[in-house]
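> Residue strings, one per chain:
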Amino acid sequence: MRIVDPTDERVPIKRSLAKRSGTISGSVALLDISKPRGDVLIEQIAARLREEIPGVEIHRYRKPTFTKPAPEELRRQIAKESDFVIEALAD
Amino acid sequence: MTTSQTLPAFALKDSVGAERKFPTGRHALLCFVKEDCPTCQLTIPLIEAAHRAFGAQLDVLAIGQDTEGNAKLIEKYRLTTPLLDDSALKVSFAYDLDIVPTIILCGPDGNELRRFYGFDKGDWQGLIAELGLITAAATPKIDWTAYPDQRPGCGSKSVEPEIAERLEAEARGDKLTARQIEIGAEDPFEFMFERGLTDGLPVIPPTPERVMRMLIGTRRDPREVIAALPPNMGPATVEKIAANAVMAGCRPEYLPVVIAAMEAIATPDFNAHGIMSTTWGATPVIVVNGPIRERIGMNMGMMALGYGNRANATIGRAVKLTLRNVGGARPGDIERSTLGAIGKFTTCFAEWEERSPWEPMHVERGFKKNESVVTVFGLEAGSRQIADQTSRTAHALCGSLGLGLEACWHPKQHGTGEVLLVVCPEHADTIWRDRWSKAQVRARIQQVTSRPLRELIPNAESGEGVPLKALGLVNPTPEQLEQRIPKFRKPENINMMVAGGEAGKFSAVFAGWVSGPMGSSSVSRKIEEV
Chain G
1 MRIVDPTDER VPIKRSLAKR SGTISGSVAL LDISKPRGDV LIEQIAARLR EEIPGVEIHR
61 YRKPTFTKPA PEELRRQIAK ESDFVIEALA D
Chain H
1 MTTSQTLPAF ALKDSVGAER KFPTGRHALL CFVKEDCPTC QLTIPLIEAA HRAFGAQLDV
61 LAIGQDTEGN AKLIEKYRLT TPLLDDSALK VSFAYDLDIV PTIILCGPDG NELRRFYGFD
121 KGDWQGLIAE LGLITAAATP KIDWTAYPDQ RPGCGSKSVE PEIAERLEAE ARGDKLTARQ
181 IEIGAEDPFE FMFERGLTDG LPVIPPTPER VMRMLIGTRR DPREVIAALP PNMGPATVEK
241 IAANAVMAGC RPEYLPVVIA AMEAIATPDF NAHGIMSTTW GATPVIVVNG PIRERIGMNM
301 GMMALGYGNR ANATIGRAVK LTLRNVGGAR PGDIERSTLG AIGKFTTCFA EWEERSPWEP
361 MHVERGFKKN ESVVTVFGLE AGSRQIADQT SRTAHALCGS LGLGLEACWH PKQHGTGEVL
421 LVVCPEHADT IWRDRWSKAQ VRARIQQVTS RPLRELIPNA ESGEGVPLKA LGLVNPTPEQ
481 LEQRIPKFRK PENINMMVAG GEAGKFSAVF AGWVSGPMGS SSVSRKIEEV
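Those protein sequence lines, which keep their order, are chains G and H. Quick note on numbering: this note's numbering labels position 70 of the first sequence as 70, and the sequence is numbered without any gaps. Quick note on numbering: this note's numbering labels position 65 of the second sequence as 65, and the sequence is numbered without any gaps.
If you are wondering where the hints come from, they were derived from the structure by calculation, not from laboratory data. There's no promise every hint is true.
To be verified - Over 10 Å on every C-beta distance to chain H, these chain G residues come out as not near it, computed from the model:
1. V4
2. P6
3. D8
4. L49
5. T65
6. E73
To be verified - Some chain G residues close to chain H (C-beta under 7 Å, calculated; not the full set):
7. K63
8. T67
9. E81
Ideal placement from N, C-alpha and C gives every residue a C-beta, glycine not left out.
Please put together the full structure from these sequences, using the hints given.
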């Protein structure tokens, strides 16, 4: 018996994780996804970063809504301005 | 039967691979047969006799419906008559055959002179005599006493279930272009499970024949991309949707509903990415309006939100399977609901417009009453029932419905978005006795659910509720705390429809998810019927 493939046939694009350097330096993006208390979590992370890695530059970003993927423009901006990203889910 | 119809031209290969064309420029006798038909076997010696007697002056062409059977016939009857291979059944289909044997006498230009089917001794005697007149050749000696007067024929292979639909689709020019997978000797049902193609229940294997048959349900090109489906933005072609509709158990006439639903689901307004990936148990809740409800036998009465109706069950399932298989929304992968809900298998039903005192939902949304429309809502994957067996006025009953709606999401969550309220017929009757419009029902729900802010603030008793921050308040004044907030942001967020059995004072609600531009908004699409 033969069947018609009911799935997406495209070969998925292979994305590899960015190289892990083992240390954090430069700029870190903190992305709040707009879930309740995401800001609380982000604030905690920012405080810890300032405390433990004083030289690090912190950039804040916020998704318009947690229900949708981050807009393309925001993703580009984060990639351009930051070396690291921490995304807070929260609740 | 005498006609002057010109028959379709064809070219078929005979048993040695030589191409034989019709019309031949001479009189011809076309004899459609299949080997496993006893009446065809009875007829073969007469066809051979006609060929031997008249073959010099006219063309006797036997046309067999399967290759192996043709070989058997040639061997068994030592046939000298050309036996053409119509195992693709294209000529049988073009000739609109129902029965084999079918015998057609044609003139030199391919015009039909005489046609009969099955076996009738009188027909054959008349035919042999006529062939003698046409050719002026001696008629063969046939022992007619060896033949019965009549025998019914068998069904032509071209009208067998599945084959007929495939031929119809092929004749329209439909072609499958998706990759095909050879299952080999494996159990096809187990194969579907092992490949992760099902929702946990068995699916019908989407063989090319079944997919071709499904495509009869739409005029769209099988290659047309209906939508890019989140989360992977997989291209949902008509063919892929048809394959998933086969798997779900749909009939071809359901396919236009599935296609329209997929179009609606793929809109940015609906936000399928969010609906499919949220930890809340949301799903596309599909409502069908318009004449197609009756035509495809949807349930809008007793158990409309339950099970037991093929159209309701399989349309919703086809949508979910397509989201899974083409969009990539798989539980545990991108689909990450904490608990899920049983409605994630399928949630689809129709509005009982004829039983509703109000205008149907699709008319409210700007469509014509005689248009068939599908509306998708991003809502909780299961309804909850609201009982009121004693209210006798619209005011009291809608008060009860409002209090029932209070529990959606969380009783202290106010200012929420869309829900779908399914009003049962007995409740609709009670409301309509007072001639209340939908607007009045909605206003009453907003009235009865309005609570002062102080009751809705998260506190030690219940930490959920309306956050002050969302209202731009830090230290609210006593007046601000007394401000009353209705359950829904806007009365129109209460979508209303009528469905359900004649007996029982139980309506139902599908609670919402994050609603509006920051989440999901309901979307309607017209259904394109064939």
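> Is it correct that the beta-carbon of T65/G has no partner in chain H closer than or equal to 10 Å?
violated (4 Å)
> Are K63/G and chain H close enough, Cβ to Cβ, to be under 7 Å, as the hint says?
At about 10 Å, which exceeds the 7 Å cut-off, the nearest Cβ of chain H leaves the hint on K63/G violated.
> Test the statement that D8/G is away from the interface with chain H: the closest C-beta pair must be farther apart than 10 Å.
violated (3 Å)
> Check the non-interface label on P6/G: least C-beta distance to chain H beyond 10 Å or not.
Incorrect as stated: the minimum Cβ-Cβ distance to chain H is 4 Å, not above 10 Å.
> Quick one: work out the minimum CB distance from V4/G to chain H and report holds if it exceeds 10 Å, violated otherwise.
violated (5 Å)
> Would the non-interface assignment of E73/G survive a Cβ cutoff of 10 Å against chain H?
holds (15 Å)
> Would you settle whether the hint for T67/G is holds or violated, based on the nearest Cβ-Cβ distance to chain H being less than 7 Å?
holds (4 Å)
> Is the claim that L49/G lies outside the interface with chain H correct, judged by CB distances over 10 Å?
Label holds. Min Cβ-Cβ 24 Å, cutoff 10 Å.
> Would the hint on E81/G stand, with a C-beta cut-off of 7 Å toward chain H?
violated (25 Å)
Comparing the model with each numbered hint stated earlier shows that hints 1, 2, 3, 5, 7, 9 do not hold.
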